[in-house]
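**Q** Listed below are the residues making up each chain.
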Amino acid sequence: MITREYVDCNKSYDFKPLKDWPHSLPAYTWKEELLCAFNDSSQSLAIDLSTTHLTLAQVLKDLYPQLSFSELARLYHVLAKNTEMDWTAFFSYYNLKYNENLSLTLVALINTPIPFQNWCSEKQLSTRDLSILRCVKDLPSIHFILDAIANLSPSKSMGSSILEMSIELSQMSYTLDEIIHLFSSSADETLHQLRQLRFKNACQDSQRHNAQLQQLNKPQGLDIQWKRYGDRSNLEIKFFSENQKKKKKKVNSLKRWQDTYGDESWT
Amino acid sequence: MDLDRFEHFYIHTEVEGSPFVQRILHDLPKDKITFVDDRPFPHSKGELSKNEFDRSKKNIFFTRFKGQFFKRCPGARPGLACCNYFVLNLGLQCDMNCSYCYLQSFINTPVLTVYTNIESALVELQTLANYQANESFRIGTGEVIDSLSLDDLTLFSRELISFFKKYPKWKLEFKTKSQKVDQFLDLGPAPNVLVSWSINPQNIINSEEHGTASLQERLQAAVKCRNHGFKLAFHIDPMIWHPQWKVNYAELVDTLTTTFKPEDVNVISVGALRFQPEQKSIMRERFGFNNLVNSSEVFLSSDGKLRYDKRLRQEMYEFVVKKFKSHSSRWNVFFCMESPETWLQSTYNSLPKRVDGIGELFDHRLIKAAEEVFSNENYQ
Chain A
1 MITREYVDCN
11 KSYDFKPLKD
21 WPHSLPAYTW
31 KEELLCAFND
41 SSQSLAIDLS
51 TTHLTLAQVL
61 KDLYPQLSFS
71 ELARLYHVLA
81 KNTEMDWTAF
91 FSYYNLKYNE
101 NLSLTLVALI
111 NTPIPFQNWC
121 SEKQLSTRDL
131 SILRCVKDLP
141 SIHFILDAIA
151 NLSPSKSMGS
161 SILEMSIELS
171 QMSYTLDEII
181 HLFSSSADET
191 LHQLRQLRFK
201 NACQDSQRHN
211 AQLQQLNKPQ
221 GLDIQWKRYG
231 DRSNLEIKFF
241 SENQKKKKKK
251 VNSLKRWQDT
261 YGDESWT
Chain B
1001 MDLDRFEHFY
1011 IHTEVEGSPF
1021 VQRILHDLPK
1031 DKITFVDDRP
1041 FPHSKGELSK
1051 NEFDRSKKNI
1061 FFTRFKGQFF
1071 KRCPGARPGL
1081 ACCNYFVLNL
1091 GLQCDMNCSY
1101 CYLQSFINTP
1111 VLTVYTNIES
1121 ALVELQTLAN
1131 YQANESFRIG
1141 TGEVIDSLSL
1151 DDLTLFSREL
1161 ISFFKKYPKW
1171 KLEFKTKSQK
1181 VDQFLDLGPA
1191 PNVLVSWSIN
1201 PQNIINSEEH
1211 GTASLQERLQ
1221 AAVKCRNHGF
1231 KLAFHIDPMI
1241 WHPQWKVNYA
1251 ELVDTLTTTF
1261 KPEDVNVISV
1271 GALRFQPEQK
1281 SIMRERFGFN
1291 NLVNSSEVFL
1301 SSDGKLRYDK
1311 RLRQEMYEFV
1321 VKKFKSHSSR
1331 WNVFFCMESP
1341 ETWLQSTYNS
1351 LPKRVDGIGE
1361 LFDHRLIKAA
1371 EEVFSNENYQ
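Sequences listed follow chains A and B, in order.
Position one of the first sequence corresponds to residue 1 (the working numbering), numbered consecutively onward.
Position one of the second sequence corresponds to residue 1001 (the working numbering), numbered consecutively onward.
Derived from the structure by calculation, the hints contain no laboratory data.
Computed from a prediction, not measured in an experiment: that's the story for all the values here.
Ideal Cβ positions, reconstructed from N, Cα and C, are used throughout, including at glycine.
One should not assume that every hint holds.
[What the hints assert, rightly or not] Straight-line distance between alpha carbons at most 20 Å, and here's what the computed EDC-like set of lysine to aspartate or glutamate pairs gives:
#, chain 1, residue 1, chain 2, residue 2
1, B, Lys1050, A, Glu164
2, B, Lys1050, A, Asp138
3, A, Lys200, B, Glu1297
4, B, Lys1045, A, Asp86
5, B, Lys1050, A, Asp129
6, B, Lys1305, A, Glu164
[Unchecked claim] These stretches of chain B come out as covered by chain A in the derived footprint (C-beta under 8 Å, 3 or more residues):
#, region
7, 1175-1184
8, 1295-1304
[What the hints assert, rightly or not] Beta-carbon label-pair distances, calculated as ranges:
#, chain 1, residue 1, chain 2, residue 2, range
9, B, Asp1038, A, Tyr94, 27 to 35 Å
10, B, Asp1038, A, Gln124, 36 to 44 Å
11, B, Gln1276, A, Tyr94, 22 to 30 Å
12, B, Pro1243, A, Arg232, 22 to 30 Å
13, A, Glu84, B, Phe1035, 32 to 40 Å
14, B, Asp1186, A, Asn201, 48 to 56 Å
15, A, Leu213, B, Gly1229, 52 to 60 Å
16, A, Gly221, B, Ser1136, 53 to 61 Å
17, A, Lys19, B, Pro1042, 32 to 40 Å
18, B, Ser1136, A, Gln220, 53 to 61 Å
19, B, Leu1300, A, Gln214, 26 to 34 Å
20, B, Pro1243, A, Phe240, 39 to 47 Å
21, A, Thr3, B, Gln1276, 51 to 59 Å
Turn these sequences into a full structure, and let the hints steer you where they fit.
**A** Following this line, the structure appears as structure tokens:
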């Protein structure tokens, strides 16, 4: 086994792993390149694993059994020129299929701001969640949208929707100013505002129906709203009753309401 | 033949000596031919990237198909009103380039493949014909490849028409967005051969159907087919919403109804834009966002596809059906890949099998009949 002086080792493979390398473990290298403990001044020697029977892909997997998608992207970036690396084998350890789409997504992610990359790591976004990045020709132009998402720190599903909708709008005819104004301190509200613009016609249609509803004398105790579920939208009627008598009363008032206003006005 | 648009032609050595390959070798540019022992681009596997998909349209691979050619249409799924259609896939991938094309989420081979063993497909058809010659099967060749855009090279149409003429109860449908029909016109009349066009207003063709024939070219080709004794069909599918959709689709219906008579046209199917959610990514990468498909307001439907709002779809269908019926009640219009509920809430107010003129299309006894023949051990 070959050891090297830690201070003599290169750090060009520093892919900024999210967790510090444990002090109790030695530093490892591949030839003269450090693979871990990039900023650990307590290390004096590093063990060169390139002389073992292991491949670079196996070594990296063993050192980092868990890596987020952003960390994988950074690793892919720093090792891009390494001809020994078997990327197909490496990514298969992380249940990813190495193909052009994965490669393009990783490259796109590398070109996003670090806070956004960290949010992607934290929420465990996948290739599919981030595929929208591949559609953007000029990623730096949307950096402040990505920063805004990172600041908002939404949940994975909400954040993926915000990311998708805000990028779609930015690539359509909307200016970045128009889009960034839709961001508020609440992820819920931001998503709502983005949806209003992305699905403008459908939202206007719902607003029109709800405005119509406001003008009608709705039966008391019944919550009637125009709602969308997937590709369907219609009246949603909710009520609660403690007993049969009250239930009957509400159903009857609903029948009277329907007789007065009919179905046709809603279609 | 416009073969210049292709970058390369790969021919599997297994089929090098076949009559089909021997014939087309004279048509292919010699400097673009390579004989191969395996599929080209072996490293492209699984989901294709934008670049791989683009490249797959420019490289043709001639090879033998080892599976079963004859299959049920993918529309035959739970929850959709199935129109009893069967498909015969003589290749895979299309040389045209529509932004909404479902092949973008379907294809995982990095070349346009043409199967050279049409004789095997004809054997399958003959097997079915031996048992079910008098049933009214509808069989199409345009599911995963355009039926005619390469037909001036392959000439598959000629073999199929000759076969189907022996079985007048069966219907063969060529589905295309091209204008290439001259290569088989001399085989008419063939009233059980439908030549069908997927059509849209010219503004949609310009915006979304790249590399296809213009509306006028498609209709002129349809006129030629009609004049040579072929039946026609039109698929106004996918209808694409845009601010002037009513004006443009009304004009399209008017053009059709003034160019053709209801008796020239077997059926007209109508469908609205729909695609799998996983298709969004490659569509956006390939065509950007400033087009009607990628900027459309689509929502997840109960069948897992993204579709326009159901009311909007119904409004679009109603509009087209009423427009046709205002010209003549004899136009047979049906909805493609829609739920029974859509039919019940439409102008027809009925399930499709009870609608005059199109009910026969939805007779599912035929599916069972075909399945019985192909599940026969002797066939396997």
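**Q** Tell me if the beta carbons of B/Gln1276 and A/Tyr94 are separated by a distance inside 22 to 30 Å.
**A** 26 Å, holds
**Q** Please verify whether B/Lys1050 and A/Asp129 have alpha carbons no more than 20 Å apart.
**A** 17 Å, holds
**Q** Can you confirm whether chain A covers the region 1295-1304 of chain B, using C-beta to C-beta distances below 8 Å and requiring at least three such residues?
**A** holds (count 7)
**Q** Can you let me know if the beta-carbon spacing of B/Leu1300 and A/Gln214 is within 26 to 34 Å?
**A** With a Cβ separation near 28 Å, B/Leu1300 and A/Gln214 satisfy 26 to 34 Å, so the hint holds.
**Q** Hey, B/Lys1050 versus A/Asp138, does the alpha-carbon distance stay inside 20 Å?
**A** Roughly 17 Å between the alpha carbons, so the hint for B/Lys1050 and A/Asp138 holds.
**Q** Within a Cα-Cα threshold of 20 Å, do B/Lys1050 and A/Glu164 meet the stated pairing?
**A** With a Cα-Cα distance of about 18 Å, the restraint between B/Lys1050 and A/Glu164 holds, given a limit of 20 Å.
**Q** That 53 to 61 Å hint for B/Ser1136 and A/Gln220 (C-beta), does it hold up?
**A** Given range 53 to 61 Å: holds, Cβ gap about 59 Å.
**Q** Given the hint of 32 to 40 Å, is the C-beta distance from A/Lys19 to B/Pro1042 inside that range or not?
**A** 39 Å, holds
**Q** Is the distance from the Cβ of A/Thr3 to the Cβ of B/Gln1276 consistent with 51 to 59 Å?
**A** 54 Å, holds
**Q** With respect to the beta-carbon atoms only, verify the hint that B/Asp1186 and A/Asn201 lie 48 to 56 Å apart.
**A** 50 Å, holds
**Q** Decide if the proposed pair is consistent with the structure: B/Lys1045 and A/Asp86, CA atoms, cutoff 20 Å inclusive.
**A** Satisfied, since the Cα-Cα distance of roughly 17 Å is no more than 20 Å.
**Q** Take the C-beta atom of B/Pro1243 and the C-beta atom of A/Arg232, compute their distance, and say whether it sits inside 22 to 30 Å.
**A** With Cβ atoms ~23 Å apart, the hint holds.
Checked against the numbered hints given earlier, this structure breaks only hint 7.
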